[in-house]
Amino acid sequence: MAIEEKRLILKYTDQPGYTNDIDCYIKHGGYEDLKKAFKMKPEDICEEVLQSGVRGRGGAGFPAGMKWKFLDRKSGKPIYLICNADESEPGTFKDRQIIHKDPHQLIEGILCSAYAIQAKLAFIYIRGEFFEGYKILERAIEEARVKNFLGDNILGSDYSCDIIVHRGAGAYICGEETGLIESLEGKRANPRIKPPYFPAALGLYQCPTIVNNVETLCDVKHVINMGGKEFAKIGTPGNTGTRIWCVSGHVQKPGYYEFPCAGVTLGELIYDVCGGLLPGRKLKAVIPGGSSSKILRADERFTGKKKDGTEFDWGIEDIPMDFDSLSLVGSMSGSGGVIIMDDSTDMVEALANINYFYAHESCGQCTPCREGVPWMKKITTRMCTGGAREEDVDLLKSVADQIAGRTICAFGEAASWPVQSFIAKFKDEFEAKAKEQAILRKQGEDTATETSLI
Amino acid sequence: MLEVKVIDTVTINVDGELAQVPKGVNVIEAMRVVGKEKEIPHYCYHPKLSVVGNCRMCLVEVGNPMRDRQTGEAILEENGEPKIGWAPKPVIACATNVSEGMHVRTNTPSLVDCRNGVTEFLLINHPLDCPICDQAGECRLQEFSAEHGRGYSRFKEEKNVKPKRTRLGPRVTLDDERCILCSRCVRFSQEVAKDDVLGFVDRGTYSTLTCYPGKELSNNYSLNTVDICPVGALTSTDFRFKMRVWFLKRTHSICTESSVGANTEIWSREGKIYRITPRRNDAVNDTWMTDSGRGLFKESESEERLKSYSVDQVAKSLDDAIAATRELLEGGSIGVIGSAHSSLEEQYLLQKIVKHTNASFEMIQHTGEGDGLLMSEDRTPNLRGALITGLINQLPDTRLGQLKEAIEGGQIKTLLVFNEDLEQLGIDLGSLKDSVQVIYFGSSKNSTSEQAKVIFPSLSVFEKDGTFVNQNFILQKFKQAILPPMGLMPDYGVLTAILSELVENTHTVGMPSMESLWGEISKTVELLKSVQWSEIPEEGLALNGDAFASMNFVETENLKFKPTLVSEIV
Numbered sequence: 001m002a003i004e005e006k007r008l009i010l011k012y013t014d015q016p017g018y019t020n021d022i023d024c025y026i027k028h029g030g031y032e033d034l035k036k037a038f039k040m041k042p043e044d045i046c047e048e049v050l051q052s053g054v055r056g057r058g059g060a061g062f063p064a065g066m067k068w069k070f071l072d073r074k075s076g077k078p079i080y081l082i083c084n085a086d087e088s089e090p091g092t093f094k095d096r097q098i099i100h101k102d103p104h105q106l107i108e109g110i111l112c113s114a115y116a117i118q119a120k121l122a123f124i125y126i127r128g129e130f131f132e133g134y135k136i137l138e139r140a141i142e143e144a145r146v147k148n149f150l151g152d153n154i155l156g157s158d159y160s161c162d163i164i165v166h167r168g169a170g171a172y173i174c175g176e177e178t179g180l181i182e183s184l185e186g187k188r189a190n191p192r193i194k195p196p197y198f199p200a201a202l203g204l205y206q207c208p209t210i211v212n213n214v215e216t217l218c219d220v221k222h223v224i225n226m227g228g229k230e231f232a233k234i235g236t237p238g239n240t241g242t243r244i245w246c247v248s249g250h251v252q253k254p255g256y257y258e259f260p261c262a263g264v265t266l267g268e269l270i271y272d273v274c275g276g277l278l279p280g281r282k283l284k285a286v287i288p289g290g291s292s293s294k295i296l297r298a299d300e301r302f303t304g305k306k307k308d309g310t311e312f313d314w315g316i317e318d319i320p321m322d323f324d325s326l327s328l329v330g331s332m333s334g335s336g337g338v339i340i341m342d343d344s345t346d347m348v349e350a351l352a353n354i355n356y357f358y359a360h361e362s363c364g365q366c367t368p369c370r371e372g373v374p375w376m377k378k379i380t381t382r383m384c385t386g387g388a389r390e391e392d393v394d395l396l397k398s399v400a401d402q403i404a405g406r407t408i409c410a411f412g413e414a415a416s417w418p419v420q421s422f423i424a425k426f427k428d429e430f431e432a433k434a435k436e437q438a439i440l441r442k443q444g445e446d447t448a449t450e451t452s453l454i
Numbered sequence: 001m002l003e004v005k006v007i008d009t010v011t012i013n014v015d016g017e018l019a020q021v022p023k024g025v026n027v028i029e030a031m032r033v034v035g036k037e038k039e040i041p042h043y044c045y046h047p048k049l050s051v052v053g054n055c056r057m058c059l060v061e062v063g064n065p066m067r068d069r070q071t072g073e074a075i076l077e078e079n080g081e082p083k084i085g086w087a088p089k090p091v092i093a094c095a096t097n098v099s100e101g102m103h104v105r106t107n108t109p110s111l112v113d114c115r116n117g118v119t120e121f122l123l124i125n126h127p128l129d130c131p132i133c134d135q136a137g138e139c140r141l142q143e144f145s146a147e148h149g150r151g152y153s154r155f156k157e158e159k160n161v162k163p164k165r166t167r168l169g170p171r172v173t174l175d176d177e178r179c180i181l182c183s184r185c186v187r188f189s190q191e192v193a194k195d196d197v198l199g200f201v202d203r204g205t206y207s208t209l210t211c212y213p214g215k216e217l218s219n220n221y222s223l224n225t226v227d228i229c230p231v232g233a234l235t236s237t238d239f240r241f242k243m244r245v246w247f248l249k250r251t252h253s254i255c256t257e258s259s260v261g262a263n264t265e266i267w268s269r270e271g272k273i274y275r276i277t278p279r280r281n282d283a284v285n286d287t288w289m290t291d292s293g294r295g296l297f298k299e300s301e302s303e304e305r306l307k308s309y310s311v312d313q314v315a316k317s318l319d320d321a322i323a324a325t326r327e328l329l330e331g332g333s334i335g336v337i338g339s340a341h342s343s344l345e346e347q348y349l350l351q352k353i354v355k356h357t358n359a360s361f362e363m364i365q366h367t368g369e370g371d372g373l374l375m376s377e378d379r380t381p382n383l384r385g386a387l388i389t390g391l392i393n394q395l396p397d398t399r400l401g402q403l404k405e406a407i408e409g410g411q412i413k414t415l416l417v418f419n420e421d422l423e424q425l426g427i428d429l430g431s432l433k434d435s436v437q438v439i440y441f442g443s444s445k446n447s448t449s450e451q452a453k454v455i456f457p458s459l460s461v462f463e464k465d466g467t468f469v470n471q472n473f474i475l476q477k478f479k480q481a482i483l484p485p486m487g488l489m490p491d492y493g494v495l496t497a498i499l500s501e502l503v504e505n506t507h508t509v510g511m512p513s514m515e516s517l518w519g520e521i522s523k524t525v526e527l528l529k530s531v532q533w534s535e536i537p538e539e540g541l542a543l544n545g546d547a548f549a550s551m552n553f554v555e556t557e558n559l560k561f562k563p564t565l566v567s568e569i570v
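Chains as they are written, first to last, in our numbering: chain Z, 1 to 454; chain G, 1 to 570.
Honestly, the hints are just simulated from the structure, not real lab data. Here the structure is a predicted model, which means the values were calculated and not measured. Glycine included, each C-beta is placed from N, C-alpha and C at the ideal position. Each statement offered as a hint is correct.
With beta-carbon atoms standing in for the labels, derived distance ranges:
#1 G:K215 / Z:Q15: 53 to 59 Å
#2 G:R32 / Z:E317: 53 to 59 Å
#3 Z:R73 / G:A87: 25 to 31 Å
#4 G:D196 / Z:K442: 55 to 61 Å
#5 G:A87 / Z:T19: 50 to 56 Å
#6 G:A87 / Z:D14: 42 to 48 Å
#7 Z:D446 / G:D196: 52 to 58 Å
#8 G:K23 / Z:R73: 26 to 32 Å
So these bits of chain G aren't anywhere near chain Z, every CB distance computed over 10 Å:
#9 C133
#10 E270
#11 Y274
#12 G545
Isolated chain Z (complex conformation) (with noise of 0.2 Å):
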């Protein structure tokens, strides 16, 4: 390998003989940071965040320490805090690792974030099918309050705060913030409409609410350890701290890596940190941050000019990984979960394949999205067992185009993001599935085909 990974969050995890209990934590220096964030004022930690340019691990990428300046201080009302570990994105698996393997920094994390905001409460909303991990977080919390980590008056001071973990009960839309507030209150997980219900302002129990990913609130121990400054100083500016890349599909070595925000191109993340493509294949297309962000195809040349001026022309291999640089090539970074896919996937397939999740995990509120993505699926799904015609990829384009921008929460692009997508860059491949199946009904024969549909 001749890229080395640059672990931060991930740092321990993975070393031999590194445990998840409390005492090994404490052992590789954990919870000092918690003891140095009660020495400051909870504003400046604030204001170290919004130096550090730390930025949403969960998909937006929006910048945590702005997100928490939105936050209204002056209601009067209790301030919540949120780790959203709902992770349910498909090609994502990175804050599994995180919990389950060093749940105690996460606790750190969150701590550090409830006492910068003044939270005197923070759920973990755990994905209902993480039951080792949620187990793990139970055991972590009561070793912590049994020294005194979280609880009431924590180390001597006057803050207290507690942390509740709670299951949800497996809706991949519970990972949206108003969704999964709605479902921590009890209800059916439907996002609520912004305006008026911004969680900074109107969240849980229509208090002031910060939700953060579970890698974003790691990172905040990472920026009172370093300073918001030295923290901003990995990575370039406006994408800074490291960022750990699931890598999944057609490569050797499919994982978890930690590079700084702009420390690997995405062809040293393939080729040479997970071991290039299985023998003989060529790359065919990479979906960079999660099924919901637009594909990428192998052949394709990105060129354009970036925010400072300066112009570029990649290939899909000299793309950085960050999250300017994919959303300057029409994607973006997402959750962090790479998709790579070679020359032996069938695009329509494929394609097939998100809808068929989409489809079933749209909450059903709003119109578009209810009734657009299982049609979309309904469509893939033919195409894929025999009844393609060549109008299809028109009609997918025209029900995704309805769907993009319509709807109360992002689900509805995150749904329509994919096709539209696909389609741009495959087309060729949508149309020659219906004129292959199209001759073959000609001539009186079987269209139907095996496939690996679920």
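Let chain Z serve as the given structure and place chain G on it in line with the hints.
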């Protein structure tokens, strides 16, 4: 007498034209003010319910004047107009409130595409069974599909299958396949009826409206969910498959169930009433009414109804009945038991008879349990009317007082009874048969009618014109919806005829017109000075009830009523 409220307004720009709209309302309501209501179709938004914004039909483009971030000053275009920062995506009009200088576009190609898209989506899994659907003709989905639909289907897949003919409660039947999941009914149950039994189960395209297990939608407001359902999902079990709505005539009326006086609409055809629905009046009943009030028309179709004038229990002509009445009334020693079910006009005329014959008069108060919403404790529609016309000058008791003693003591020879059953009031007619002659005005047979000397069958509220005064002293008029049983005249007609016989010794033929009656009322009744029948607005006329404020009315707080505490007056 109407309150004129000064409302703060803001100036907004709608499709390039400036308009003044009330401050703080949402864009849908603002468009209603501007008269562009049709431009923003919507399903889930209801003015009396919370906003959820899930149908996505009311999307509009909105822009606000841009301001410089540092200085806060308005940024201007080259021509001096304020520069407008348009929102990057269309926004829902129901959750967007107007503000000064806001620009709204309702009809750009992209918005047309949005509406067409939503319409197409709503139709792909819709059963398209308009020919057998009760909602046809008053269905939002049908209307908007005509306006915003494609006209053909691009959907070649199989439609979803959901439960049909689900019984949600004793009066409501649900067809889940027609449901567009707007959640109006769910919100109504939670927010207005306070009976949280409805909800969605399952997810996404399989979302299904249902009742909480083991419960049913049985509250007295359940049929309002049928009214607000924009499609044919929730249907009234009673009205289902009975009649096409476009064949029905709509008449404005008032609910007689209690002193709330909910505004209603009577849907009738060829002399038969098919259903009653609420009519919006923000000062009286918002857009709701009780289920029990909707069934009142069935009473006037009952077998027990009195259908002919009679004297000595023999059917006679109206003239004979009036002649017999005149004879009795001229004999003196008269007692009258009035009714708060009579219209204001009838009470006015009765008051004249009472004065002329120098009769002893009493009235009975009918009370029941109130529900704090649209059923008040006073179960009569027009008690305030009796106060205003001077028929009574204090609140009636729930029992007969001195009049009972007078009857039993033999001081009363003729008793004129409206609607009441003497037996229930503790008067044994059997033993008084020889001493008291009863003239009965009422709609159905009872023990009093069986022994009455003269019977005048009364007409129901659906068969005549008139006015009631509700709990908040709002004068409300109702119109005749259907023809009465053959040959019958409303009470006000009969009373006018009796009066002219008694007072002027003339014989009148035919009914007095409402205009002429009100011509007289507006001259003589203090509170109704210069009010003309044709000028009473559809939404009612608020009268000043201060003169009666010290009375201890039975109503407790409900949707639009706050009792005045006696201590406040003192």
